[in-house]
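**Q** Chains as they are written, first to last, in this note's numbering: chain A, 1 to 312; chain B, 313 to 624; chain C, 625 to 936; chain D, 937 to 1248.
Hint data in this document are derived by calculation from the structure and do not stem from the laboratory. Here the structure is a predicted model, which means the values were calculated and not measured. Incorrect hints may have been included.
What the hints assert, rightly or not - Far from chain D, some chain A residues (derived; all Cβ distances over 12 Å):
#1 R22
#2 R41
#3 G169
#4 A278
#5 E279
#6 D280
#7 A282
To be verified - List time: in silico SDA-like cross-link candidates among lysine to any residue, alpha-carbon distance up to 20 Å:
#8 D:K1080 - C:Q685
#9 C:K768 - D:E1212
#10 A:K15 - A:P126
#11 B:K328 - B:N436
#12 C:K768 - D:R987
#13 D:K1080 - C:Q684
#14 B:K456 - B:T441
#15 D:K1080 - C:R675
#16 C:K640 - C:G742
#17 C:K768 - C:R744
#18 D:K1080 - C:N897
#19 D:K951 - D:R1056
#20 C:K768 - D:Q997
#21 A:K15 - B:A403
#22 C:K640 - C:H852
#23 C:K768 - C:G648
#24 B:K456 - B:N331
#25 D:K1080 - C:L829
#26 D:K951 - C:G714
#27 C:K639 - D:G1026
#28 D:K1080 - D:G957
#29 B:K327 - B:H540
#30 C:K768 - C:P750
#31 B:K327 - B:P438
#32 B:K456 - A:Q61
#33 B:K456 - A:Q60
#34 B:K456 - A:E275
#35 C:K768 - D:Q998
#36 B:K327 - A:G90
#37 C:K768 - D:Q996
Unchecked claim - Each pair of labels, with its calculated beta carbon distance range:
#38 D:T1065 - B:G379: 23 to 31 Å
#39 A:T129 - B:Q595: 37 to 45 Å
#40 B:F399 - C:R646: 30 to 38 Å
No residue lacks a Cβ here, since even glycine has one placed at the ideal position from N, Cα and C.
4 protein chains.
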Amino acid sequence: MPALTDFEAFRDIAKKVNNWGRWGADDELGTLNLITRQAVRDAVATVRTGRRFSLALPLQQQGVQTGMIPGRVNPLHTMVALNWEMFGPGAIATSDDVVTLGLQAATHWDGLGHVSHGNRIYNNRPANTAVTAHEGALHSGVEKAGPVLGRGVLLDVARARGLRRLPPGHLVTTQDLDAAQELARTEVRAGDIVLVRTGQVQLYLGGDRDGYGYPSPGLSLRTPEWFHAHDVAAVANDTLTFEIFPPEIDGLYLPVHALDLVEMGMMQGQNWNLEELAEDCAQDGRYAFLLSAPPEPFTGGVGSPVVPVAVK
Amino acid sequence: MPALTDFEAFRDIAKKVNNWGRWGADDELGTLNLITRQAVRDAVATVRTGRRFSLALPLQQQGVQTGMIPGRVNPLHTMVALNWEMFGPGAIATSDDVVTLGLQAATHWDGLGHVSHGNRIYNNRPANTAVTAHEGALHSGVEKAGPVLGRGVLLDVARARGLRRLPPGHLVTTQDLDAAQELARTEVRAGDIVLVRTGQVQLYLGGDRDGYGYPSPGLSLRTPEWFHAHDVAAVANDTLTFEIFPPEIDGLYLPVHALDLVEMGMMQGQNWNLEELAEDCAQDGRYAFLLSAPPEPFTGGVGSPVVPVAVK
Amino acid sequence: MPALTDFEAFRDIAKKVNNWGRWGADDELGTLNLITRQAVRDAVATVRTGRRFSLALPLQQQGVQTGMIPGRVNPLHTMVALNWEMFGPGAIATSDDVVTLGLQAATHWDGLGHVSHGNRIYNNRPANTAVTAHEGALHSGVEKAGPVLGRGVLLDVARARGLRRLPPGHLVTTQDLDAAQELARTEVRAGDIVLVRTGQVQLYLGGDRDGYGYPSPGLSLRTPEWFHAHDVAAVANDTLTFEIFPPEIDGLYLPVHALDLVEMGMMQGQNWNLEELAEDCAQDGRYAFLLSAPPEPFTGGVGSPVVPVAVK
Amino acid sequence: MPALTDFEAFRDIAKKVNNWGRWGADDELGTLNLITRQAVRDAVATVRTGRRFSLALPLQQQGVQTGMIPGRVNPLHTMVALNWEMFGPGAIATSDDVVTLGLQAATHWDGLGHVSHGNRIYNNRPANTAVTAHEGALHSGVEKAGPVLGRGVLLDVARARGLRRLPPGHLVTTQDLDAAQELARTEVRAGDIVLVRTGQVQLYLGGDRDGYGYPSPGLSLRTPEWFHAHDVAAVANDTLTFEIFPPEIDGLYLPVHALDLVEMGMMQGQNWNLEELAEDCAQDGRYAFLLSAPPEPFTGGVGSPVVPVAVK
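One chain only, chain A, in its complex shape (with noise of 0.2 Å):
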């Protein structure tokens, strides 16, 4: 178990970034809320060249879980139908497919359900009325968070210090973040969806499952602060985990889901592939841009995959 101390300070983190009662006792959507039609404006107003970029990887048996997560599978898919001339021989033939996946297993958010600690989901709602196996998330769940499309800036940590890609074991600060915003050249602001980029999925990309998930730089419980500071409206990032795996205070787990999701309301992005539209912000110096990433409309879920669309 952490020393008493560590949980002091993810107790009094936890204060500090509380949003609970901010947008109403009923509010289901979060930091979601800061996202304005003004936010929306200024975010087609980075507009330039018209560059489509996909952050999402391909959704495919081979994808990024690798059974590390208990339950959480790759995405199967089969076929119901296959040139199937249903209305008799000559005739137009139709193709049809069904799919199993974990709503978490590939490029996509953290819904607000997705974590409870103390009983409790954002809100203060009580996660075991709140979320349950016939109605999944009741309350927050992620048909509920709706067009999300604002802002998007790249905070390209790794870049920031030199580095293609950070080492596995490197935490994240808000030190990171600040450099990061620092080469990015704007300021984050209200309604922002921030995008951090740690370069750990070129692993994957090349071939590398198991070190992709493990061990993974990512966030420290200390970030949340940062992005609470900047009212930022939903991070994302290109690891697994998120957060730094194995955990950055020994014994305790997955810190930063609880202040970002439990605390803040802030949906998280994960397993996003930031490469290309990082190669092209370096190149043109410009890393803000339009972000599309409505999550897919799951009732009751406490995840969705999403296909993030920046448009630069």
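Position chains B, C and D against the provided structure of chain A, taking the given hints into account.
**A** Coordinates of chains B, C and D only, in the frame set by chain A:
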């Protein structure tokens, strides 16, 4: 079986709208090639208010599928972890979900591999080798489509006819498209994504799942000529069957599918909820908008759920 | 809510039939303990002709589920390989299938973890820790049941009443069981697996899926006393709900489930097709047989499909 | 590619063991026809002690599949209800589970539709119409097999060779089968279900999932002649691949599958756990027993999980 003349009509249109080879013998994208960077910039330029609209129906067991289409199952949401203190008592807890769904079950894109005729899919590829059970669509799988985003134009056929909703048997003709275009006060142009509104989805939203599916208003087999003439990138509507059902020509099933997907190489969207967007367009008289609608990149997918987001 | 006296009746029966601790505090098998080797030998000794009967309904999309029970989906059969010459052109080809199904969707056993009341499953284990989303049934999972095989006895309640099929609202009482036992001309004894026939499955077999499910004849909450008195190992019948539905006591749902599964630790079978077997028993007057009915050993399963085989 | 002579050997055996038309042009059962009522009575007559053995491996995520066989996924167990008081607070609560699994993923039968060669499945049916994505196996689906139950005979090849487990590269020959039959002190006869033990499953049971699958001991392409000469009804063993893997003849993959399933119309069982049963047979010297092993009746299934139960 339809009379010879009907088949001849179909074959005649097929020849006119055929795009095989237009973007090279290796092309897998079809009309998505028409979305240029300029088209994206034009799309962005339509944004005024920053208001966002999700055009997706919820993904849930009580979805639009009723068993009418064999094997196409509504999304089933299940849990593999529920407020699970994986790391010990008192630890931060996680919930994880897994879904099974037909890729064409809800608001979706038909990929170019979804339909074949005469053993051919788009760009003259033999259907029996281009789409298999173990690989899905080896060519033109939905994962190839990339970040589908461009200018969307709503053709509100129902409103152009002064109706809240087209009657079940209504055949949407090219004249209907012309009238709706006139209402929209914008010219549909190369690379646009056209949304054709019938109002039929009101039935589903009102709880009449069977009535929603069948009988349905829908597109005439003459409409592909219209889309081809305007060099449209993709077309979606608010019905289960896309084209009129029962079919326009007795015994000739899915001719619009064949023309759009196979001959033109143009993706079709179905079960899109256009109600809220249409209301807004009617109010401000602006029917063009930024539309982001990337398919989920299921490797080999012949279809994909999509969360279309319109921004005005 | 039911009147106090009704709850008292339930609690009174619960006390009488309770088997907690009977086979030790660690027991996970319940009444399956009653199938001794002698019982198996007795079962084998009933075989005369060598005629075999399958009591399973087909596993298919058009199964007995109609959506009445949330999340309990009919089997969906999909292909992941189809005549696939995996090792090259001309090679021997393979086809592979994948299914998704509710474990209680078709002919099945309810495992002892399927039901809890007062937060208890069989043998006084707290339900909230004994059955979880990440492990399923940690105790008394269906994989623990092992090779369920013993003497089966058909209690043909419909025939004993001179009916081809019991009417929908028929409550199967202990008097019904007595009469059917008399018809069977054998004494139900310790370790027997009892099959109670209502004839209700005829509705499903005849295409009336809705009528099959509801309203349904079924067992009275008095019958567990009868099963307990005879030390039956397991009970199955030919209905969707097992017990009468709508319930016997207004507002008291699933009391037989609670008595059988929780109090007695006795597995229940549902949706068993007893028609062909019953016909044969009526013809030769022999209602006891060898019955093999092992659940599929899904680790942590709270239910399992089963292919019961009777041999006479 | 194998030398011509090898293909000739295969074709020569194929002719010898071919059963097409033997039970009529419409037959879908193949060698299961050999299990007569007399054979069932003989099977029953082998029972002495009443001891039962389950030969099934647990159905779980950590199953025998490792990704070596594309699309064949281990069972995934999920919950759709968890101690759910569906009928109100304090009501009796239910838990329900849903699984997704490859039908050939664990202890299973290969159905006759599982393999084709030269576009033919058993009884000369064209594979491309007999097995489709929308119907699965239209002919000889596993649901047709019915209540597979008869006399089982264990041929313990490992023990006959004085080994606890055959080495990975061991080819099980007809001489091996003869020696094991001698050890068993019973003559394999028409309608028997033969279980061939290699001991390979010990690797899986010991945690070596990769080693279990490959390389594997297994049956020689000469063994179908032996099974045919004895008019065996079905054969199962304790390996992932059934036949030796890598294959006996370089470049000729799955010849035993083709001979057994296509030519003979004989179901094959794989991943059967024969360890406990073999121990018992060695102790009492009795290698014949009653065996119940009905496939789950998935309509159109080309395979099925099975819980084989042996009774001695």
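**Q** Against this structure, judge whether each hint is valid.
**A** Going down the list of hints, with the structure as the test:
1. R22: holds (31 Å)
2. R41: Answer for A:R41: holds, closest chain D Cβ roughly 42 Å.
3. G169: holds (28 Å)
4. A278: Holds, since 31 Å exceeds 12 Å.
5. E279: Given a closest Cβ separation of 31 Å, the condition holds.
6. D280: It holds; A:D280 is separated from chain D by about 34 Å at its closest Cβ, greater than 12 Å.
7. A282: holds (36 Å)
8. D:K1080 - C:Q685: The given pair, whose Cα atoms are some 17 Å apart, holds under the 20 Å limit.
9. C:K768 - D:E1212: holds (16 Å)
10. A:K15 - A:P126: Judged against 20 Å, a Cα distance of about 18 Å means the pair holds.
11. B:K328 - B:N436: Roughly 15 Å between the alpha carbons, so the hint for B:K328 and B:N436 holds.
12. C:K768 - D:R987: holds (17 Å)
13. D:K1080 - C:Q684: This hinted pair holds, its Cα atoms lying about 13 Å apart.
14. B:K456 - B:T441: Roughly 17 Å between the alpha carbons, so the hint for B:K456 and B:T441 holds.
15. D:K1080 - C:R675: holds (17 Å)
16. C:K640 - C:G742: holds (17 Å)
17. C:K768 - C:R744: holds (19 Å)
18. D:K1080 - C:N897: holds (16 Å)
19. D:K951 - D:R1056: Between D:K951 and D:R1056 the Cα gap is close to 14 Å, so the pair holds against 20 Å.
20. C:K768 - D:Q997: holds (17 Å)
21. A:K15 - B:A403: OK: A:K15 and B:A403 at ~18 Å, within 20 Å.
22. C:K640 - C:H852: holds (9 Å)
23. C:K768 - C:G648: holds (16 Å)
24. B:K456 - B:N331: holds (18 Å)
25. D:K1080 - C:L829: The hint holds at about 17 Å.
26. D:K951 - C:G714: holds (18 Å)
27. C:K639 - D:G1026: holds (18 Å)
28. D:K1080 - D:G957: holds (17 Å)
29. B:K327 - B:H540: holds (11 Å)
30. C:K768 - C:P750: holds (18 Å)
31. B:K327 - B:P438: Holds, at about 18 Å.
32. B:K456 - A:Q61: It holds: about 17 Å lies between the C-alpha atoms, which stays within 20 Å.
33. B:K456 - A:Q60: holds (13 Å)
34. B:K456 - A:E275: holds (18 Å)
35. C:K768 - D:Q998: Measuring from Cα to Cα gives roughly 17 Å; hence the hint holds.
36. B:K327 - A:G90: holds (18 Å)
37. C:K768 - D:Q996: holds (13 Å)
38. D:T1065 - B:G379: 23 to 31 Å: Given about 24 Å between the Cβ atoms, the range holds.
39. A:T129 - B:Q595: 37 to 45 Å: Given a distance of about 40 Å, which is inside 37 to 45 Å, the answer is holds.
40. B:F399 - C:R646: 30 to 38 Å: holds (37 Å)
The structure is consistent with each of the numbered hints, conforming to all of them.
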